[in-house]
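So the sequence lines, in the order shown, correspond to chains A and B.
Going letter by letter, the first sequence gives residues 1 to 338 in our numbering.
Going letter by letter, the second sequence gives residues 1 to 77 in our numbering.
Treat the hints with caution; some may be incorrect.
Claimed, not checked - 30 Å max Cα-Cα, derived DSSO-like pairs, lysine-lysine:
| no. | chain 1 | residue 1 | chain 2 | residue 2 |
| --- | --- | --- | --- | --- |
| 1 | B | LYS63 | B | LYS37 |
| 2 | A | LYS215 | B | LYS56 |
| 3 | A | LYS25 | B | LYS63 |
| 4 | A | LYS7 | B | LYS66 |
| 5 | A | LYS264 | B | LYS52 |
| 6 | A | LYS289 | A | LYS161 |
| 7 | B | LYS14 | A | LYS266 |
| 8 | A | LYS259 | A | LYS301 |
| 9 | A | LYS190 | B | LYS73 |
| 10 | B | LYS73 | A | LYS215 |
| 11 | A | LYS289 | A | LYS163 |
| 12 | A | LYS190 | B | LYS66 |
| 13 | A | LYS289 | A | LYS259 |
| 14 | A | LYS77 | A | LYS190 |
Treat the hints as calculated values from the structure; they're not laboratory data.
Since the structure is predicted, the reported quantities are computational estimates derived from the model, not experimental observations.
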Amino acid sequence: MKEDKIKLMEVCGTHTMAIARAGIKKLLPSEIELISGPGCPVCVTSQADIDRAIEISRIDNVIITTFGDMMRVPGTKTSFEDMKRDGADIRVVYSPLDALTISEDNPQKRVVFMGVGFETTSPTVAATIIEARKRGLRNFFVLSNFKVLFPALEALAGSSKLKVDGFICPGHVSVVTGTIPYAKIASHYKKPCVITGFDEIDIVKGIKRLVEQIKSHRCTTEIEYRRAVTEDGNIEARRVLDSVFDVKDSHWRGLGMIKESGLKLKNKYRQFDAEKEFKVKLPKAILPKGCICGEVLQGIKGPRDCKLFGKVCTPRKPVGPCMVSSEGTCAAYYRYGE
Amino acid sequence: MCLAVPAKVKSIEKNMAVVDFGGVYKRISLGILSDVKQNDYVLVHAGFAIGKVKQKEAEDTLKVLKELKDVLKDERR
Ligand code: SF4
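Extracted from the complex, chain B is given alone in its bound form (with noise of 0.2 Å):
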């Protein structure tokens, strides 16, 4: 129900943007978040954007898997 799925902005008109969810265009309404410009990243929600969010990059899971057992282990010293 919370899923909200990251898009780019691609046009703007009035309170609704134009959106490409790698490939797939939407229209959106900018209801509750309108200080949105081109080429931004949203977060989109039930047909709203609902905030603005930044690229990511890529990470390794194992590697945190790895010091969350370190974590553990310092403890146990």
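Just chain A, with the same shape it has in the complex (with noise of 0.2 Å):
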């Protein structure tokens, strides 16, 4: 008789990478499978966020500021990394605090920050706003397009589609939130968490402790990344945040609309809001064709059920940003042939 597999989600992009570059999967006993979640922000970005930040950037003096992994997602039309060669003036911060000084250098000019990420970079977004107001700056401005995870954790949990055992929790969102937005995802839905760092060592550990639970029946949280994460989180760093944001709904690639999983400036920090102070028109969305990234991002399939994947798909010629991201699923696979 065939054993019943278990089936465990690594919902971190992060996880996704070091679970592949470690050839975790060939290690594993074969009842154990390992299918891949949402936690690639670029990824999860919609597509109408895209191409509004890219008619953002049409316009004249606007400085774009954005992450690396930002610069080859395709929007419907076009992508920052065409922008620029086409002359628009797009820039690769490390930190979201490199995008005042560019404002501060520039004060003729318009500079945007198009924030992507999870509860790990929101937060850092937040102090940046209020180093912004500090500094009187006028001309800086936040695209926010970030995310707020357990909505849409609880939405994977709950779906009739995907079935999974347990949830592999990601390190760095869980050393800001701590751990007790998972509660509802461990009792309500009755699915294990165990969150874990990103070594190799990690990594198998908190499988572990995954099935152990599995085994014996439980839904707890736990924490198998213990020199990083605590039950309370960094409280000043949610501080920080909930002074300057508050949650909307927001569209999620592949898993549609998710209530109060996204953010929005308060009223009090409106002056920041690129979206307020840049009306554009977007161009209808059109998803990249033949691409199953939406499927992909909510584990349902994975990167070789889709025709593309290596032949007109690659990480050098991306047709989706599942393959674009060095944390998107697709690139993981293909990077390390998986």
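Starting from the two chains in their separate frames, assemble the complex, guided by the hints.
As structure tokens, this is what we get:
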């Protein structure tokens, strides 16, 4: 008789990369199946949000700043990279604080930070906005495409299509959030959650603890990444975040509209809101033809189910965002031959 | 994207710190983690310290993999 598979989802793109790099799937007993989740911020950003940023980059005297992973993501008509080649001023920054320096150096221009990311990143941007106010900057704006991970995780936990047995939970999101937001996923949706780090040993130990929970019919949140994660998380970071942002409903590629899964600037900080500052007309969003990123992000299909994978779509010529971002599932599978 | 790298805090000045990534020094912000002392290890993401981190002990993946197989076996017995 065929063994029942244990299906575990690694939520975080950094885990997807680490698992592929270390070849962990080949090391695991055959009854354990790992599937990749939605934890690549660039990948889950909706086509309309990408298009909006690209349209803003067309405006004269605007400088766009963003993280490197964003550059090659295809919008409906074009990408940042192509826009830059055509003369748009688009700059990759390591930290959102770098965008403040650029604003100060270019007082005649309007500088927009195109922000994507989860709870790891959004507090750093909140702190940057507070700093911008302190410095009295009037030419700095943030395009807030930040996502809150937990509502999406709940959607996946409750999905009848997916049916995962447990979640390998993101270590660095949890450094900020702590364990409290996982409680509902473990208790209400009955899915064991183990927060783990990014070394091979961390991931394997996390998987072991998930399997132990599943075998003993327990559903709780455990921390395997004790050296960095505490139950309370980084309270100061969350306070900074909550002082600048409110939650809003947000559209995820593949997962659709999810309630309270995005962040918008509070009224008090709306002078920094790029969406309010720049009214642009968006093209009708068209997804890359043949790309199944949406299903890959939900874990219901793998990159190898995509006809374009490795043939038409490669990291050099990516068709969809999951092949662009270094943490995208398609890119990780391609690079490490999964 | 959620990559964060551990570094050792060398010096602190107001809400900035100089940290050491194994020989490479960088100035980072303490804007979302202010309770940091010299010689602490912190995780750095996008130019900010996001949390403290303890030094890890060396462990053996193969040993844990064997234990994992034992968990699965126990069940079948
Ligand atoms: S291989 Fe390319 S086209 Fe196919 S799902 Fe992945 S990113 Fe999309």
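How the hints compare with the structure:
For the suggested pair LYS63/B and LYS37/B, the alpha carbons sit about 36 Å apart, so the restraint of at most 30 Å is broken. At most 30 Å may separate the alpha-carbon atoms for a hinted pair to count; LYS215/A and LYS56/B meet this at roughly 28 Å. Pair hint LYS25/A plus LYS63/B holds up; C-alpha atoms about 16 Å apart against a cutoff of 30 Å. For a cut-off of 30 Å, the pair hint linking LYS7/A to LYS66/B stands: about 19 Å separates their Cα positions.
A hinted pair counts as satisfied when its Cα atoms are at most 30 Å apart, and LYS264/A with LYS52/B qualifies at roughly 28 Å. Distance restraint check for LYS289/A and LYS161/A: the Cα-Cα separation of roughly 23 Å lies within the 30 Å cut-off, and the hinted pair is therefore satisfied. For the hint pairing LYS14/B with LYS266/A, the CA-to-CA distance comes to about 27 Å; that is within 30 Å, so the pair holds. For the proposed pair LYS259/A and LYS301/A, the alpha carbon gap of about 24 Å is at most 30 Å, so the pair holds.
With a C-alpha separation of about 23 Å, the suggested pairing of LYS190/A with LYS73/B holds against the 30 Å cut-off. A C-alpha spacing of about 11 Å is found between LYS73/B and LYS215/A, which places the hinted pair at or below 30 Å, so the restraint holds. The straight-line distance between the Cα atoms of LYS289/A and LYS163/A is roughly 28 Å, inside the 30 Å bound, and the hint therefore holds. Proposed proximity of LYS190/A and LYS66/B is supported: the alpha carbons are some 27 Å apart, at most 30 Å.
For the given pair, LYS289/A sits about 28 Å from LYS259/A by alpha-carbon distance, which is consistent with the 30 Å threshold. About 43 Å separates the Cα atoms of LYS77/A and LYS190/A, which puts this hinted pair outside 30 Å; it is violated.
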